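Colleague: Protein chains in written order, with the working numbering: chain A, 1 to 171; chain B, 1001 to 1448.
FYI, nobody ran anything at the bench for these hints, they're computed from the structure. Since the structure is predicted, the reported quantities are computational estimates derived from the model, not experimental observations. Among these hints, one or two may not hold up.
What the hints assert, rightly or not - Take a look, some chain B residues computed to stay more than 10 Å from chain A by CB distance:
hint	residue
1	D1214
2	N1224
3	G1387
Stated by the list, open to error - Quick list of the computed label-pair ranges, beta carbon to beta carbon:
hint	chain 1	residue 1	chain 2	residue 2	range
4	A	L29	B	Q1011	37 to 45 Å
5	A	L119	B	R1239	49 to 57 Å
6	A	A52	B	V1035	15 to 23 Å
7	B	I1029	A	V115	16 to 24 Å
Stated by the list, open to error - According to the in silico footprint, chain A covers these stretches of chain B (three or more CB under 8 Å from chain A):
hint	stretch
8	1009-1018
9	1250-1263
10	1282-1290
11	1294-1304
12	1331-1340
Even for Gly, the Cβ is constructed at its ideal location relative to N, Cα and C.
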Amino acid sequence: MRFGPKAAWLLCFAWCAWLTALAVYLEPLLGGWTPDLALVLIASLILRSGRAASLGLVYCLVCTRLAFSLDPPAALAAGGWMLFLLVRSVAHLFDADQMLARAGAAFGAALLLGVWLFLAAAVRGAGAGSPGGMTPLMGILSGAAATGACALILGPLFAALPGLGPLRRQA
Amino acid sequence: MMSVSRSRRTQLLEALILLGLLGGALRTIPVLDRVLLLLLAPARVALDLASPGALSSGTGTDQKALRSQEREWSLSLADRMRRAAQPQDCNLPEGVRAVEAEVLSRPNGRPDELQVLLSDPRGLKRGSAVVVGDVFLGSLTRVPSAQAVGRAAHLGEVRLLTGRKERVSGKARSEDSARLVVGGIQPSSLTDGWYLDVHNPEDETRTRGLVLLDDKDPLLAVANGWHLGNVALEPDPVRGGKRVAGLTPLVDHEAGIGRVLVLSTSTEPARERNAPAPGEWTLVRRGMCMTQGARAGFPLLAGSLGGLRAGSAVADGVRLVGRVVRAAPLSGMVRRLRDPGCAVNVLAWVPDAPEEVSFVLGRIVSQGVSPDGLLRFSWSAERPFTGTKPKSVQLWTLGGEAGVPGGLLLGTTLLPVGAGPHDLVVSNPGGEQVPRHLSVFVNWGTDE
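Chain A with its partners taken away, still in its complex shape (with noise of 0.2 Å):
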């Protein structure tokens, strides 16, 4: 079954909900090791789109995290804003088809995303706590390696889930 560039839009949000919804129900279980499971998807993806395929896969990220998140949305879509920025700086120098550079940038998304968060909860003397009992940036970089981990073995299968041929294929 082919799908044409809007289904796969409509798609790529829904495996964004699915994989965010996952996330959220592990996350009981894994504690600071949940991985950002929709991240690893965007991160799969992000790196051989256009400039505005980019900023949409970045805006099904903000908008599904949004759904399932306690964090403002402003600090979500300021985080979104800055992964969309620094992909468009940094995107040439990765080789879009190896797997070490989509781990990397899925574990450099996350980490910049969670301690972004984290400084902004802060600010906003939300407190953010500390998964499992972890020092609030233990909780982050476990979170960000367990994205890493993520994307070099899960990634090429996310890159491949139905629907999203016409967003691999945009490069």
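Could you slot chain B onto chain A? The hints should help.
Modeller: Same frame as chain A, but now just chain B:
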């Protein structure tokens, strides 16, 4: 050349967007939040897509019996609170009736003002005296217009005596009954509690003990004899001896007022307003419960279009589950009571001994859950509990803040004695189970 210029413009625009978002992330900018929630409204679709099927937790037979009992307690508490707001020692002058009013919020966050829902606004005037029990609080500053209908016809505003420009006359209850003027907050006493400010005392040496209202304004005079506060003394560094520092307030003006009385000279017979009015609560389906480190919450499948607003109480029966932390047009997010930082005004009550007076704690702030799964709250105890030993009590919401009505149960705790701050460990049996459908309070103070 043109492409360079366009590229620079794009970079400038990107940088400006980044700056705006960073600013909004670190400090709430309501307009930006509203725009972002509108732009990100498809988040609701994500909730629908990921709606879990197996997370429903029904209420067992034991729980149903408990909930039924809790409802009875809540009604009993409401009745108790209604009676507690009535004068105890003071007598209403002939021809004066007391109009009940429920405190809804502090309009626009102004601490010296209350927005109230008047049970019967007929005959009330701007300037009418407002009391709770035997304590004088302030005066009515806004009465509903005669043309207002529905809810708006019951909304009023009260300015408390703590307001900077508020002044009333009083006299000490002692035999010499020295006169004085009271109003505002004593500015030099902000560090160790606070006092109502005293101006022009007739004779400081005779100004001792309880001070009563004694004002000539005809609208306030009906409350003459109501209590203003107790005289607090401090050392006088100039003349030696003691001088009047101010009046110790008799109620917690900041977080301890849930119901007040407005004294009216109207001769029309009083009418009861049926509470709770229909439409005050809306039933909403929730999404999956989630934890982010120590934080805990869940999404709601309804948003501001359904009447939800940030701050609304979310309840399961009469149990407070949490508060709405943001309301997008089509979805919302709730922070649970166990989410660190979740705060609410509460009072302590013992339902098995209803004759006992409830004790207003004021604001308590969640510290998360203890290792054994009990809720922990911090309580500043500005007005400490003065019993002889810690007492087992139930904590109920007091009301008086936007979005949270009185009469919602938090759980049971051991109330510590003496000056704070204290940690309260609250047990809430069955509170971990959150049903699929929850009630959200949508009875807001603003005109609709």
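Colleague: It remains to establish, for every hint, whether it holds in the given structure.
Modeller: Going through the hints against the structure:
no.	hint	result
1	D1214	holds, 44 Å
2	N1224	holds, 45 Å
3	G1387	holds, 32 Å
4	L29/A - Q1011/B: 37 to 45 Å	holds, 43 Å
5	L119/A - R1239/B: 49 to 57 Å	holds, 54 Å
6	A52/A - V1035/B: 15 to 23 Å	holds, 21 Å
7	I1029/B - V115/A: 16 to 24 Å	holds, 22 Å
8	1009-1018	holds (count 3)
9	1250-1263	violated (count 0)
10	1282-1290	holds (count 3)
11	1294-1304	holds (count 4)
12	1331-1340	holds (count 5)
Consistency note: the structure conflicts with earlier hint 9 alone.
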